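Student: Using the hints provided, position chain B relative to the given structure of chain A.
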Amino acid sequence: MKEIKGFSILPVQIESSIHYIYYKKHEGKNSDNKSIFTFNLPILTNLLIIKKFYQEIAIGAIVESFIDSKLSNYIEDSWVNLSKLTSDLIKDDDDDDLIIPKNCGIISFIDSSSFNLAFNNMKKLNKQPQWPIQEYGSSYMLKKYQQEILDKENLINEVSTELEIFNNLEKESIAQLQQQTQLVDEDGFTLVVGKHSKTKAGILGKQKFINKVENEKKIQKQKKKEHSDFYKFQLRQQKKEEMNQLLTKFKQDQQKIEKMKQKKRFKPY
Amino acid sequence: MVKRDKAIDEEDDYSIPIINNGTEQEDQEVDEPPVKKQKKQNKQQLTAQDIQIARETADLFKSNIFKLQIDELMRELKIKKSHEDKMEKVLRRLHDLIKQVPSIENLSLQQAEQHFKKLVIPFPDPKPSKLNYRFSYIPSEDISLVGSYGLKTGCNQKSSIEIALTMPKELFQAKDYLNYRAFYKKAFYLAYLAEHLITLSKKNNLPLKISYHYLNGDVLNPVLRLESIQTENPDDLIFNKTKFNINLIVAFPFGIFDAKKLLPDKNCIRVQTETETESLPPTPLYNSSLITQSTYDYYLKYLYTMKRSTEGFKDACVLGRLWLQQRGFDSSVNNGGFGHFEFAILMSALLNGGGLQGNKILLHGFSSYQLFKGVIKYLAEIDLSKGYLSFSSLIGENITSKYKSDGFNVPTIFDKNAKLNILWKMTSFSYLKLKQLAIQNLDLLNDVVKDRFDAILLQKSDYDAMKYDIVLNFSAPDELYDLFGPLEKISYITFDNYLKNKLFKILTTALGDRATSIDIRKEKISKTFALNKRKASNYNNFIIGLQLNSEECDKLVTKGPNSEDKEAGLKFRSFWGSKVSLRRFKDGSVQHCVVWNLKDEPVVLTIIKSALDIHLQDVSQHVATDVGLFERLPTPLLPTAANQVITSLVSFTALRNSFENLSKTITNLKLPLNVKSLLPASSSLRYTSLLQPVPFAASNPDFWNDCILQFETSTRWPDEISALEKTKTAFLIKASDLLNDLGFTTFLTKDDSIPFNEHITLLNILTPDGYGFRIRVLTERDEILYLRAVANSEKQKSLVQEIYLKFNQKTQGVIKHTRTITQLAQHFHFYSPTVRFFKQWLDSQLLLSHFNDELIELIALKPFVDPAPYSVPHSIENGFLQILNFLSNWNWKEDPLILDLVKSNVDEFNDKLTIQAYRVIETNFETLRKSDPSGIKTQLFIGSKDDPSGILWSHDLTLPISSRLTALSRAAITLLKQNISEHNLDLIFTPALKDYDFTINVKSTDLTTTSGILPPNTYKNLIQPLTSFPDDITTRYDLIQEFIKQLNTKFGNTIIFSSKKFGANVIGGIFVPSNLTKKKFRVNLGYNVKPDTKDEVVINKDVIFKQIHLLGGNLIEKFNV
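Protein sequence lines correspond, in order, to chains A and B.
1 is the number of the first residue of the first sequence in UniProt numbering; add one for each residue after it.
1 is the number of the first residue of the second sequence in UniProt numbering; add one for each residue after it.
Treat the hints with care, as some may be off.
Per label pair, the in silico range of CB-to-CB distance [unchecked claim]:
| hint | chain 1 | residue 1 | chain 2 | residue 2 | range |
| --- | --- | --- | --- | --- | --- |
| 1 | A | Glu170 | B | Thr1093 | 53 to 59 Å |
| 2 | A | Glu164 | B | Asn668 | 26 to 32 Å |
| 3 | A | Lys249 | B | Lys797 | 32 to 38 Å |
| 4 | B | Val1121 | A | Leu125 | 37 to 43 Å |
Derived, one-sided and incomplete: chain B residues facing chain A with beta-carbon distance under 8 Å [unchecked claim]:
| hint | residue |
| --- | --- |
| 5 | Asn538 |
| 6 | Thr761 |
| 7 | Gln796 |
| 8 | Gly1052 |
Using 20 Å as the maximum straight-line C-alpha spacing, the simulated EDC-like pairs for lysine to aspartate or glutamate come out as follows [stated by the list, open to error]:
| hint | chain 1 | residue 1 | chain 2 | residue 2 |
| --- | --- | --- | --- | --- |
| 9 | A | Lys70 | B | Glu72 |
| 10 | B | Lys795 | A | Asp77 |
| 11 | B | Lys750 | A | Asp253 |
| 12 | A | Lys249 | B | Glu72 |
| 13 | B | Lys806 | B | Asp751 |
| 14 | A | Lys267 | B | Glu72 |
FYI, nobody ran anything at the bench for these hints, they're computed from the structure.
Owing to the predicted nature of the structure, the values given are computational and were not obtained by experimental measurement.
Ideal Cβ placement from N, Cα and C applies to all residues, glycine included.
Chain A on its own, in the form it takes in the complex:
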């Protein structure tokens, strides 16, 4: 098989096993006619490995850049941009489009001739080339641990620049908003800026049972002040309601028991 759903298939060897890379010309709005879109790249692929690979199969095809999916080394399968969800200050930038699916990547060549060379050579291969992957192991893991510790100087710089950018964005936005709230539209309405809605209960179910109970107590207290047993019909009504309540509860219980019975819940064990 050479193709699947418009993707070409490139078998490569990883330690004598065959791994399949699926690729096609990168198209879409950012297309520059010199990039290849790939799916199912082997793990830990980076620019260096890509370059090595093309040196092997298409000498002269110079790789300019490699964009890996952020998700390839992430435990989740799709990406959420929390910044965008929490603030409208962050504009739709290209950053989001670069979140391509897991294990995908975009390889860009220096020019279209490099691209053509590489693309054609990939198709013409008649035996599976070795994928230039290295062995990782303990030193790699240790490095990962060490990388968790952040360099303080870098961090300070990063924090200060980013906060500055944010502050500026915020100032702009506030000024803009201020303008809007002062505008009275044709119908005489002004824009009201409200808090964002919260949905905690939606996720965690009901939470505040304590308040609820207290509220109920309050309501009950209030009710006590009114005379609800002045007229005979009130008494009758009350009794009837009580009885009905009792009855519904009883019916509910009966149903519950029926359910438990079906599950054979009454066998001593």
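Tutor: Same frame as chain A, but now just chain B:
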């Protein structure tokens, strides 16, 4: 039909309905009409009948639901009609056979013995040698059905049917109550009857296996046990499918002996001693057995009258029987001596009074539930040992029962008419145990929040290892029989009774406050024996079950009386002998005391062994226990480890002190915003980390202790998430600089515990005293932003909700959890070691890393806050087994686990869950299950006041992992219930690797000492404690954990990886089944695929393995597919 009782027959048309009579059959028809008919009826009758029932049950029963549950239970327990019919036939035929047994008269002892060829007369000890009276068999005039089957309070749970043959009066002389004479006569009567029944039953197509049987374990009361034999002959009457067997009792006529002479304080066995007859000890067991054997019929009539006058009596009897049975109690000597009969008599007595002034405790109009609860309440609240209940079984006189507060210090319910102590088969310890159970169950019955039906009646709770904290097995050596002299023999009748009593006395004195309950019984007892044996064979193994007082049990000093109290001092010395020393205590008092050396066993065990050695001739070598098998937690690499008891929290306290210091330091730091609080949020800070915190032990996976830092309120936090995190980071950098100046080592790390929030940083602090803390900042803005993200999330809603839950876990959730667990761990002394042991087990099965620590801790809390029907565990063994037992029975698809996280269920605590709160949690569960009925998304639901949602800690679990937890718990408890042994424990701690699709053996570096663990087989006193951190702390980390993390980021969506969190040496992998099938080709499949056919692809396992191999590199030892 077996003869009905004449007296009752004549009274009116009610007879003892041995067999279902007409009315009950009608009942049944009403019960089970054709389905269609019933539906119609229901609609029409709704208002009249149902209102009546609804109103009644609300009044008479705790709640409707309880009443309905009882009804269902009764139906479940009801003896099958077909079985009743079958037994009716059997009993009729048997009755005819008995009538055919011919008389024989006036045999001498020798003749009597020679009369039998194969049979042996079941004479009690001592076997008669020379007698001046004769043995006879004259057919009985009086054969009646007695016991619960006769009363129709029997149930289908391992029942026997009792038939009493009363020996004719003329066989006895007035003095026969003395020196076993009546018993000898009865023994002959019984053997003769057996001999004839063997042949008669064969002839008359009623194939029976007949053996002797000690009724209720009373060696003075052998009866014939008749069991059905399966044959091929269609004419034979076979009843083994009914599960019934028949006890044929030979009884004495009622009132034939002078009852006054058989009072419990009288002597009826005259042995020759140098002293006078008057000074012979009383023979209460002998006397009571004699009376009991003359009152079967008599008490049946009494109970029957009660049953007729009280509608709920019958059902209450069945409830009582089931309740006792589930707890291992019945009428027999070895099982507490309190069963259905005793329960029914007590209930009858209470219907006639029972209060101090003879006021009625129970009323005839009570429902079965009220009667049952009333009896439990009476048992729980009234002391029948210090005082006693006096009643009369005389029918028709309505003599008031009275409680008298001055008793005999033996459990007593005294029948004035028959002169019998109904509780004669009870011991002081079985009574205490019963009282304890009653107290516990009264609480359950009073619980209005949770439905306790299951714990009270349905669950069997007689498994020793969960009933007791420590179970000892004592095999009494033969030498001990020397202690059992003639006087002991007449008081106690059997060596077993004597020794149990003796052991109880020794242990009670020795343990004092350390034990709350001591229970002693024979491990195995043979009540049934062949007709060619005179008595049943004897086993010498005793089970001693202890429930401990965790406040006291581990104390190293047993304090005795003050040195000035000469008399008490002498007593104390005479008990402990040379072990006693005088000590001056901090308060200046000088006291006698015994100091115990800590060995590799609980202190109570050391004490028990010493006491037994002193008082029972060096028998401690015969005491075996499996409590030591559960001491598997790693020993900390600390100088104090040598004299640390298992419940010690010293190492945790040291860490908490360090935290307190840090907290003070940080609060005082000069930061742009004032610090409001630094709150603990790690397992070590709440006493639950598997390894004890040891200074400088950086390899411990729980080395870093999470803490939550909160500043004073500010409105200036940025309103966007990454800017907010950056601002927090700025604060942490500042704090880090300030802390460095104060002698702490600090650095910042990137945190990935909340997915998609990539800008979180944590401040890591190494304190000079060797602990690690990791600080996370929480602001009041965070939650607003996460919730806003959820609100704005649209298509990604469920994913963003997960993020919010993670955030909640890592901040508010863990703060609350840590606070609650800390309090409870300080209160329940065995919680900490138990939960740590449970974690160790999970880790050994490669499961621990799949769970949040918090989730495990909540599960482990179950037996401590809600142990019913067992009680709060005070040993690792008990706690661990109760956890397993719960997990193996927890049907999480249908039931939530709702925990009331309070120290005690007694009402004084205000923060108990209210009914409303409980309902809220239940409703949350119901809502959850509506959208996910079979638990594919969320399995375990654990709600509490800290987390009414019930899913905070379990939402990220997966179905295979939850199912595996249940399956492994089941396997483990099944194995341990068979036998708790070193071998079986090793087995449950061995991971089941064959269940994985592939396993990887990895090269692990030895991190034992750097994790703060004393390497096995080293001496505790040669400990070289750790004293410093290395320059690069990451060199102490476990590389395998990073490997697994990398595997999860690369292959986590296709393979579930499992490995140990502590000292991983193997990684197991299971392919996610849904990814094994062929898929249409898509670029967002996310895992490694090879082309299959046309548009389809399939997982490329081979190359995945190769890549894992390359990733692991030198860490991989062996790859097993």
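Student: Each of the hints needs a verdict: does it hold here or not?
Tutor: Now the hints, each set against the structure:
The hinted range of 53 to 59 Å is satisfied by Glu170 of chain A and Thr1093 of chain B, whose Cβ atoms lie roughly 56 Å apart. Distance hint check: the CB atoms of Glu164 of chain A and Asn668 of chain B are about 30 Å apart, consistent with the given range 26 to 32 Å. At roughly 36 Å, the beta-carbon separation of Lys249 of chain A and Lys797 of chain B lies within the given 32 to 38 Å, and the hint holds. Val1121 of chain B and Leu125 of chain A have their C-beta atoms about 30 Å apart, which leaves the hinted 37 to 43 Å range violated.
The beta carbon of Asn538 of chain B comes no nearer than 32 Å to any beta carbon in chain A, farther than 8 Å, and the hint placing it at the interface is violated. A cut of 8 Å between beta carbons decides the hint on Thr761 of chain B: the least distance to chain A is about 7 Å, and the hint holds. Hint status for Gln796 of chain B relative to chain A: holds, with the closest Cβ pair at about 6 Å, below 8 Å. About 5 Å separates the beta-carbon of Gly1052 of chain B from the nearest beta-carbon of chain A, less than 8 Å, and the hint is met.
For the hint linking Lys70 of chain A to Glu72 of chain B, the alpha-carbon distance of about 60 Å lies beyond 20 Å, and the restraint is violated. Taking the CA atoms of Lys795 of chain B and Asp77 of chain A, the gap is near 15 Å; set against the 20 Å cutoff, the hint holds. Under the criterion of a C-alpha separation no larger than 20 Å, the hint pairing Lys750 of chain B with Asp253 of chain A is inconsistent with the structure, at around 54 Å. A distance of roughly 18 Å separates the Cα atoms of Lys249 of chain A and Glu72 of chain B; the hinted pair therefore holds under the 20 Å criterion.
Simply put, Lys806 of chain B and Asp751 of chain B have alpha-carbon atoms about 13 Å apart, close enough for the 20 Å limit, and the pair holds. Restraint check for Lys267 of chain A and Glu72 of chain B: the C-alpha separation of about 9 Å stays at or below 20 Å, so the hint holds.
The structure fails to meet hints 4, 5, 9 and 11 from the earlier list, while all remaining hints are met.
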